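Peer 1: What follows is the residue order along each chain.
Protein chains: 2
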Amino acid sequence: MTGFAFDCLATDSTTSGRAGLWQTPHGPLETPGFMPVGTLATVKGLLPEQLRAAGAQMLLANTYHLALRPGEKIVEEHGGLHRFMNWDGPILTDSGGFQVFSLAARRSVDDQQIVFRSHIDGTELQLSPERAVEIQESLGADCIMCLDECPPAGESREQILAAVNRTTLWAARCRDAQKRDDQALFGIVQGGVHPDLRQKSAEDLLKLDFPGYAVGGLSVGEPPAAMYSTLDATVPVLPVKRPRYLMGVGRPEDILEAVCRGIDMFDCVMPTRNGRNAMAFTSNGPVRIRNARYRHDQSSLDPECSCPACTNYTRSYLRHLFVAGEMLGPILLSLHNITYYEQLVRDLRAAILDSRLADYRLELLARWAGPTSTS
Amino acid sequence: MTGFAFDCLATDSTTSGRAGLWQTPHGPLETPGFMPVGTLATVKGLLPEQLRAAGAQMLLANTYHLALRPGEKIVEEHGGLHRFMNWDGPILTDSGGFQVFSLAARRSVDDQQIVFRSHIDGTELQLSPERAVEIQESLGADCIMCLDECPPAGESREQILAAVNRTTLWAARCRDAQKRDDQALFGIVQGGVHPDLRQKSAEDLLKLDFPGYAVGGLSVGEPPAAMYSTLDATVPVLPVKRPRYLMGVGRPEDILEAVCRGIDMFDCVMPTRNGRNAMAFTSNGPVRIRNARYRHDQSSLDPECSCPACTNYTRSYLRHLFVAGEMLGPILLSLHNITYYEQLVRDLRAAILDSRLADYRLELLARWAGPTSTS
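Protein chains in written order, with this note's numbering: chain L, 1 to 375; chain H, 1001 to 1375.
Just so you know, these hints were derived from the structure itself, not from any lab.
Only a predicted model underlies this, so the values are computations on that prediction, with no experimental measurement involved.
Hints are not guaranteed to be accurate.
Claimed, not checked - So the derived list for chain H, only partly shown, Cβ under 10 Å to chain L, looks like this:
#1 Pro1070
#2 His1194
#3 Asn1291
#4 Arg1295
#5 Val1323
Positions of the beta carbon are idealized from the N, C-alpha and C atoms, including for glycine.
Sequences are here, hints too, so could you generate the full structure?
Peer 2: Pasting the structure below:
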C-alpha cells in the first residue's frame, strides 16, 4: 500500500485521547478528524471550496448510493470520485453494507452475499465482499471499507455473534479481493454492545492486519452510555499505530467522549441534516433558528464562529430564510454546522497536544449544559 | 438626490445601443447591466460573494414579498436590505404593484389604492403610492420604483389608457411621498403594445422629472416582436441623460434586442429559475442537463465560461446532481446562468464601446441558432 503513513503525534496524559496525522495519496487528515458526508458525491448544498474553508480535510461518500446513481462506472470514467466531485483532498467510502441493511428492500443474507432490491427502482442487486471492493476500487477513494454485517440494536447475542463471524469472513475476502495498492482498506469491528464480542471481533480482524480499523454498529439506537462503554472495551484492543474510525457518530458530545477514548476519525450526517432542518450547533448549545424569539434578533448565530453564516448575517435574517423556504437557509446552516464540527475536533486536537483533554472535556460539557443554552 | 450620477459613455453608431456608468450610493452599475433577482432578499441558493464573482453589480429585491415576509420593519431594523442580505453593492426594489396584480387574491383597485389579500395567509392589505414609497424607504434600496398599474396582455385599449393615466397619477403621488434623498425613484412607462399610449405615458412622466425611467408591462404575454416594436416607440421618448430600465425581461435574445434599442438595465428570474429547473444558457444555446445524452459526457457545460460549474465539473456530474435531486445542481446551474447573463451584458457593452453592436448582434443570433445548439 503506497502513499499512506499514520503518525500518532501525542497522547493525552489525562484520557486515552490522541492527536495524529494520517497521510493519504490525496493529502493529510489531522486527527481527531471529522469527515462531512457527501452521500451522492456532494455534501448537500455546499461547494468543495466552502467545505475547505470550513476546515474539512477529508470527505465521506456512500458506495451503495453511488453504485445505484450514477453507477460506479460513470465515476470511474471520470478517473474516480476526486475528479467527479472536484474534491482533491482525501475521500473515504463506506462498503455499502450499512445502507443495504438500513435502506434496501427484500433483503436476504448468507455467507456468500447480500441479495436486495434497490430502494429507488426495486431492481434486484447483489453485494458480496468482492463486489463491495470492486465498486470501491471504481470509485477510487483513498480509504475504503470491508463489507460488514451491521445488526440493528436489540438483536440477540447469538445473532450478533453470527454477524461478528460473518464480518470477519467477509473482511478476509475483501482483503483478498483488493487489487489497487493506493487505497487503505479498513476492517470493521462489530459486536453490538457486548464487550467480549467486540474484543473477539477486533482480535479476529487484527490477524488480517488492516492498515486501519473502524468501529461499526454503534449509534444504531443504543443509549449513549452503552456506546461509550463499548468503546472502552473495544479501542484498547486496536493497534496504537493504525487509525481508528468510529462510523456514523455523532452528536458533539459523542465525538468528545469517543476522542477521550482514543478514536481518530468520525463522520456523521448530523451537521448537514440538522442544518437543513434549521438546527444550529453553537458554542453555547443548539439553536433552533425558526423559533419566533429570533424574529428581531440582530445578533450573530454564534459570535465565536468565523463561518460566513455567523460573520455576515443576523439570526433574524437566517430565521427569515427558513420561514420563507429559501435554499440559502439550509446552505448557511450546513456551512455553519460543518465549521462547528471541524472546529470542535481541531480544539480537541489542540487540547490533546497540550495534554489537557480531561479539563477541556469538563469545560465543554459545562458550556453545552450552560444557562445560555437555548432551543 | 445625492450619491447618483449617470454617464452615457458611448453610443453605438450602428444601433441605438449605449454604454454607460451609473454611480449609486453603493457603487457603480456598468450599463447595459443585468440585475439578478433576490425576491426575498436572497438570490435563491447563492451567496453574495458568489454573485459578485459571477459578475453581478446590482441586485433586485421584491417589495411585495418582503413586506409580507419578514415585514419591512425587520429589514429596517437592520439598517436596510444591504446589511440584511449582506450585499454592499447597489440594490433596486420594485414597487410591489406587479406582484399585487399577479399574485395576490381578491384584488380591488381604484385611484386611491389597491386592496388585496396576501397570497400567503389571506390577510387583507392595502398598497397605495404613498405606502409603496414608505415600504421602499424602509427597505432602503438605492433605486426604488413608483407604484404603477400593469394591465395583463390582451386588455382593451381603453383599459390600458386608464392604467396609463392612473400610473401617472400615482407617479406624482410617489414623488411627493418620497422623504429620503438617497434613493433614486424611477417612473414606470405603461401603455401595453400601443405606440401612442406608450408615448403618452412617457411624456406624462417626463413632466415629473424622474432620475430614471422604467419600461413596465412588457414580457407579460405579448409576442417578442410586439415587445421590440413597443421599445422602438418608447425608448426614443426617454431622456438620453437618464438610465432606462426594462422590467422583468428576459431571454438572452430579448436583452440583446432591447440593448440595441437603448435600454440600460435589466432584471429577470430566468437565469435562476431555469437553472433550478436544469436548463443552462450556454454560448452555443440552451442545454437541458437532465437529458440522458449527458450521462457519460465528460465535457464542460460551456467551455467558454469561467464559472465554477463550467470550470470544475463535467456535464455528467451536473446531470447526476439533478437526477439525484441534489441541491448542488440548482446552485451550480443558477451560478452558471447568472455568469452567462452578466457576461452577455458585458460583451454587449464592449461591442457598443467598439461601435460594432449590429455585427455582434448578428454573430450572437447565428451562434444561438447554430448547429451545436442542443436541448
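Peer 1: Tell me if the interface restraint on Val1323(H) is satisfied: Cβ within less than 10 Å of some Cβ in chain L.
Peer 2: Constraint on Val1323(H) satisfied, holds at 6 Å.
Peer 1: Measuring from the C-beta of Asn1291(H) to each C-beta in chain L, is the shortest one below 10 Å?
Peer 2: violated, 14 Å
Peer 1: Would the hint on Pro1070(H) stand, with a C-beta cut-off of 10 Å toward chain L?
Peer 2: Holds: closest Cβ of chain L sits about 4 Å from Pro1070(H), inside 10 Å.
Peer 1: How about Arg1295(H): closest beta carbon in chain L under 10 Å, or not?
Peer 2: Result: holds, 7 Å to nearest chain L Cβ.
Peer 1: Given a cut of 10 Å on the nearest C-beta pair, is the interface hint for His1194(H) held or broken against chain L?
Peer 2: His1194(H) check fails; min Cβ-Cβ to chain L is 38 Å, beyond 10 Å.
Of the numbered hints stated above, those contradicted by the structure are hints 2, 3, listed in ascending order.
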